[in-house]
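Residue numbers (the working numbering), protein chains in the order written: chain A, 781 to 1123; chain B, 781 to 1123; chain C, 781 to 1123; chain D, 781 to 1123.
Hints in this document: simulated from the structure, not taken from any laboratory.
Computed from a predicted model, the values in this text were never measured in an experiment.
Every residue, glycine too, gets a C-beta built ideally from N, C-alpha and C.
Honestly, I wouldn't trust all of these hints.
[As the list claims (entries may be wrong)] Stretch-level coverage of chain C by chain D, calculated; a stretch enters the list once three of its residues show a Cβ under 8 Å from a Cβ in chain D: (1) 799 to 807; (2) 826 to 835; (3) 1058 to 1067; (4) 1113 to 1122.
[As the list claims (entries may be wrong)] Derived pair list, reagent style DSS-like, types lysine-lysine, alpha-carbon separation capped at 30 Å: (5) B:Lys832 <-> B:Lys1003; (6) A:Lys1003 <-> A:Lys783; (7) B:Lys832 <-> A:Lys832; (8) D:Lys783 <-> D:Lys966; (9) B:Lys1003 <-> B:Lys783; (10) D:Lys832 <-> D:Lys783; (11) D:Lys832 <-> D:Lys1003; (12) A:Lys870 <-> A:Lys783; (13) C:Lys966 <-> A:Lys966; (14) D:Lys966 <-> C:Lys832; (15) B:Lys966 <-> D:Lys966; (16) B:Lys783 <-> B:Lys832.
Single-letter residue listing:
4 protein chains.
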Amino acid sequence: MIKVGIVGGTGYTGVELLRLLVPHPEVNITVITSRSEVGVSVTSLFPNLRGKCDLRFTEPSIETLAGCDLVFFAAPNGTAMGMARALLEKGIRIIDLAADFRLTDVEVWHRWYGIPHLCPEWLTSAVYGLPEVNRAAIANAQLVANPGCYPTAVQLGFLPLLEQGLVDPERLIADAKSGVSGAGRKAELGSLLCEATESTKAYAVPGHRHLPEILQGLQRVSKAPVRMTFVPHLTPMVRGIHATLYAVLRDPSIDLQAVYETRYAGEAFVDVMPPGSHPETRSVRGANTCRLAIHRPQGGDTVVVLAVIDNLVKGAAGQAIQNMNIMFGLPETLGLEIIALLP
Amino acid sequence: MIKVGIVGGTGYTGVELLRLLVPHPEVNITVITSRSEVGVSVTSLFPNLRGKCDLRFTEPSIETLAGCDLVFFAAPNGTAMGMARALLEKGIRIIDLAADFRLTDVEVWHRWYGIPHLCPEWLTSAVYGLPEVNRAAIANAQLVANPGCYPTAVQLGFLPLLEQGLVDPERLIADAKSGVSGAGRKAELGSLLCEATESTKAYAVPGHRHLPEILQGLQRVSKAPVRMTFVPHLTPMVRGIHATLYAVLRDPSIDLQAVYETRYAGEAFVDVMPPGSHPETRSVRGANTCRLAIHRPQGGDTVVVLAVIDNLVKGAAGQAIQNMNIMFGLPETLGLEIIALLP
Amino acid sequence: MIKVGIVGGTGYTGVELLRLLVPHPEVNITVITSRSEVGVSVTSLFPNLRGKCDLRFTEPSIETLAGCDLVFFAAPNGTAMGMARALLEKGIRIIDLAADFRLTDVEVWHRWYGIPHLCPEWLTSAVYGLPEVNRAAIANAQLVANPGCYPTAVQLGFLPLLEQGLVDPERLIADAKSGVSGAGRKAELGSLLCEATESTKAYAVPGHRHLPEILQGLQRVSKAPVRMTFVPHLTPMVRGIHATLYAVLRDPSIDLQAVYETRYAGEAFVDVMPPGSHPETRSVRGANTCRLAIHRPQGGDTVVVLAVIDNLVKGAAGQAIQNMNIMFGLPETLGLEIIALLP
Amino acid sequence: MIKVGIVGGTGYTGVELLRLLVPHPEVNITVITSRSEVGVSVTSLFPNLRGKCDLRFTEPSIETLAGCDLVFFAAPNGTAMGMARALLEKGIRIIDLAADFRLTDVEVWHRWYGIPHLCPEWLTSAVYGLPEVNRAAIANAQLVANPGCYPTAVQLGFLPLLEQGLVDPERLIADAKSGVSGAGRKAELGSLLCEATESTKAYAVPGHRHLPEILQGLQRVSKAPVRMTFVPHLTPMVRGIHATLYAVLRDPSIDLQAVYETRYAGEAFVDVMPPGSHPETRSVRGANTCRLAIHRPQGGDTVVVLAVIDNLVKGAAGQAIQNMNIMFGLPETLGLEIIALLP
């Protein structure tokens, strides 16, 4: 049994970690922290866990986390980098679901996150936790940076094209639509039901923090420089990301369906749908699956890739547990064989 | 392993049965039928099951179902009564998720359902599948009539009051709010997103078919005649029933919280919340739980019971599997220990 | 032209007042205040008003409001009572959309609102602005207390029964379902899309502040004491209240349809639907209409009244403008002949 | 007063025409037809119109329409082309809200709509009703083809770039998100609330009928050949289209904001927002406005245009009335000065 701690358990990735970890056969959650809810029972915040979890939130501290084998950080950006060094020095392994260790270049981090990094010496040894790219490194990692939600969908969608140099890497477009849970469980006007329902809008068009993360990931597998226009949108639903990806093919005669099916043949959590498919975000709601479809409209030179994930599962908590399974030598799908809730 | 057949697998209770039965450790689904989708793969209708289920729909027939230990009818009202006799004679057990065997009085059935009953001789030996009332009879039943969604919530909410004669049984009011999935997966104008979202309405106020079912169930446990005003409402959500129940207390000094906690102390799927609680339907989304709270506003003589269920789980497919577990001597919670999807 | 000021224009009743007052042919909005948004243009908060309104928010003060003929308070409870005296002394008329002047008994006010009243001397001369009851008094009022949203729907639904003594006034039940905009435009966790969508719950069952307001209004027209159980619910939509009202008839043979049609025959904003109807909240979305239907299920002695309004219009801003029209001798429907937005 | 007939009044564009035409000061609706609802009152289908409209649906026929000055076709594709010739020969003017007369090339029409055209001789003399391009021709037209919803948003967004040759016309991408009302008021599985809510998906990626319409419109103003990748998406809301448009700039140094502001300076229904804006679809809900914002992310050579409309208003009924106003010499904004319903 892996002794697990969760730092910052009051947000949506926190409660999603609990939903998935509580029934996990190899996990024992020993501590869950929340600065604002110390002493409060988890079930008073999340009644869906009544009868399943009798933990109470405690003050986050190195002492209480010291007995863990693994600590998940489900806290806001900036939390993990303040506690990571002390935990890592004790030999505790870490999966950070926030952004603190996703970018290897500290200057890029400063530019996009606007605060000094408190633990820069770990930036290069942290492993970027996208199993479909980094499985071997994740197995041996002490510190895993769990990918962002948009970066998971966009990278899984573009990877086969860039790995094989099939498209112009400087003309990538990622038009992504996200549910509102991506904004977190924070009392902000823009996330109110009355503000966000029955409406769609783009946001952060001038620049979103997930752009450098995506570029870094795609650049690693591309021989030529990668440039991308990334436009995230808010759509009126709770869970789900739909990434619609556009690229210009170098050779339109290539069998793209075969490229994708081959690339992801061994992947338990990537589902390449039959030709002509249109994946729905609800087909992965609550599941750790990325579902892909590949189109070449009117037989032109533009490829359109459709990628859907549940931002809280494959885009956050589920992928974190997938990483945990890899790190601890467990079957990668353990505790993650969930059928999406439909309808 | 129980060999299971599903008749009418293309509706919402059908896909919900699949979601719950596919991972069930003691179940082997051998046949799933649909008159309209013969030969079609289940996953082409329900892509959430891709990689989990390789069944195809077949024509419903006694022959193909003959090899089953248990047949679930997830078809419209009127289907099970046409096939039940032949299956029962072969010793096959049946759980009907529709209404064909819920009412014991064939005259009442005619009045509310408007068609002749094709299998009236089984009406009295069918067991009404509300485990919290009929557990022993269910264990030995060959034919179980799975309760309706509203009747499950309303009966679980009222039972302790009527069993103990604590309220005036002729002044019951059940004001129930349902998600749209209760209307089924049928192409009807009123269930369109553009018709049903962003709106609330009552319907069937002159009389809803679940009323006689509720009255029959409550009458069984009440010494005095039961009368009820039942008003169902359509609310703009997919899953969930919220029943708000009103009754006049005979003795307002009684400790109602204790009455409910005692009555449901041994029940795995009924959760009596702490005093002052307001259960949300989302706290049971996807789970087989009925969550209850009891109030006596301003200390008056009116008791208000709040009961929530997921209409597709405890109100349909989950309760059916709970009944199956009981019928086949399995642990009652097997395959049903699901944590609700929140948010 | 009426010179109008709006205090607290950043909430949902504020923007709704603007939507209705900007095109009103007899209104000139001269000032709109917001303590938090001083200097900000109205359209930067509410882009639906771009090109229609070039006001900027100013600091609320007696000086800036002194030039108005009428001031609407669309601010939180407790705001109007602090400024009313000074404005009233200048002869300015006031319509308060909050609760400060709705209850005539200062002790009741203290008990339910928990803060001392700053302007108690006006409590009895303020006119309760439900035109269907108080039209004549409203015409001459200097200070109008605009009714709450629930109280508007519940009173309009119950009034004919209580005015004529047709039901037992001590056994009233009001089960009300509201959209989330009733909670206001405030950054609170419970109003987030991810918390409030796809779920229904009751709240404030032990006691809601609209209960004493409803009781006061119904008591005025009832010869016998009135008691009510009031259970409000949150449903996942933006606008709309559906009140389902239950009462015990003294004489079940009475023609209730005729009673309601006669009572509201001259009312432009109350629509008694044909027998057997089920009004939908969306049928009044954006409109100043209360739509009613009357049922007597199974011919019993329980009457069920269904009443729907848009909580932001007939339940707030629209009713306030209806009151303004009456106060200033304008046609009562001026600027309010809106057709609901459907779908 | 213009005597107006509406053919096919039971769909969403039909009820929207009624919402806008009933209060229009220069319109008298004399006939509304529906083959399926002959004799039924309009208000029994659309209770939002109770008290505002006492029409009943009649059988569609040349005789009953012969007394009209103008006939709106709000019927499915294929209806107008069957009745147009007879009406036009009587001198009656027509605005077709469906697709029958949008494409000038009959071969293209056959290819995309799959049925023979019954009135091909009118294809070239019909005027495409996008006032921002064709105002003068519309004024004199006898037959106006009202644009599709996607084509309205996409063309208004791209027009300034193509008219001035600022982008590569062969690399256009239009990623469009639509509410479900675009699918019409038809009982189809895919439009059920339980199928369409809480999910996003692309559809018709291989080819959507609005693509040739958009290309035809853009080609008219472009000197060089136009090619486009068009991907429509279904998002879980009732009304609204959000088009996110991508193009490669020839000269990235151009002041795009000025280009757009100049182009649309005189247009009452096109609102170019300030730099950095992100228009929300809800900001135009119920209004006849197209709201635009122009971005050049990270100062690159890719321009991103965000365009929002209400698909039922500027994308259908509102634009049709705008065309009517132009055709009959009325102020273009008459009856259309609506403030969007927000929230």
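Item to complete: Between the stretch 1113 to 1122 of chain C and chain D, see if three or more residues pass the 8 Å beta-carbon test, and mark the coverage as holds or violated.
Response: holds (count 5)
Discussion item. Is the coverage entry for the stretch 799 to 807 of chain C by chain D consistent with the three-residue Cβ rule at 8 Å?
Written reply: holds (count 3)
Discussion item. Tell me if the straight-line CA distance from B:Lys832 to B:Lys1003 falls inside 30 Å.
Written reply: Violated. B:Lys832 to B:Lys1003 sits at ~49 Å, over the 30 Å cutoff.
Worksheet item: Between A:Lys1003 and A:Lys783, is the straight-line Cα distance small enough, at 30 Å or below?
Response: violated (41 Å)
Worksheet item: Does A:Lys870 pair with A:Lys783 here, judged by a C-alpha cut-off of 30 Å?
Response: holds (14 Å)
Worksheet item: Going straight from one Cα to the other, do D:Lys832 and D:Lys783 come out at no more than 30 Å?
Response: This hinted pair holds, its Cα atoms lying about 17 Å apart.
Worksheet item: Holds or violated: B:Lys783 with B:Lys832, Cα cutoff 30 Å?
Response: Judged against 30 Å, a Cα distance of about 17 Å means the pair holds.
Worksheet item: Is the straight-line distance between the alpha-carbon of B:Lys832 and that of A:Lys832 30 Å or less?
Response: OK: B:Lys832 and A:Lys832 at ~26 Å, within 30 Å.
Worksheet item: Straight-line Cα separation of D:Lys832 and D:Lys1003 no greater than 30 Å?
Response: With a Cα-Cα distance of about 49 Å, the restraint between D:Lys832 and D:Lys1003 is violated, given a limit of 30 Å.
Worksheet item: Is the Cα-Cα distance between B:Lys1003 and B:Lys783 30 Å or less?
Response: violated (41 Å)
Discussion item. So if I understand the rule, the pair passes when the alpha-carbon distance is 30 Å or less; does D:Lys783 with D:Lys966 pass?
Written reply: It holds: about 29 Å lies between the C-alpha atoms, which stays within 30 Å.
Fill in: Satisfaction of hint between C:Lys832 and D:Lys966, Cα-Cα up to 30 Å
Distance ~36 Å between D:Lys966 and C:Lys832 Cα, so the pair is violated.
Of the numbered hints stated above, those contradicted by the structure are hints 5, 6, 9, 11, 14, listed in ascending order.
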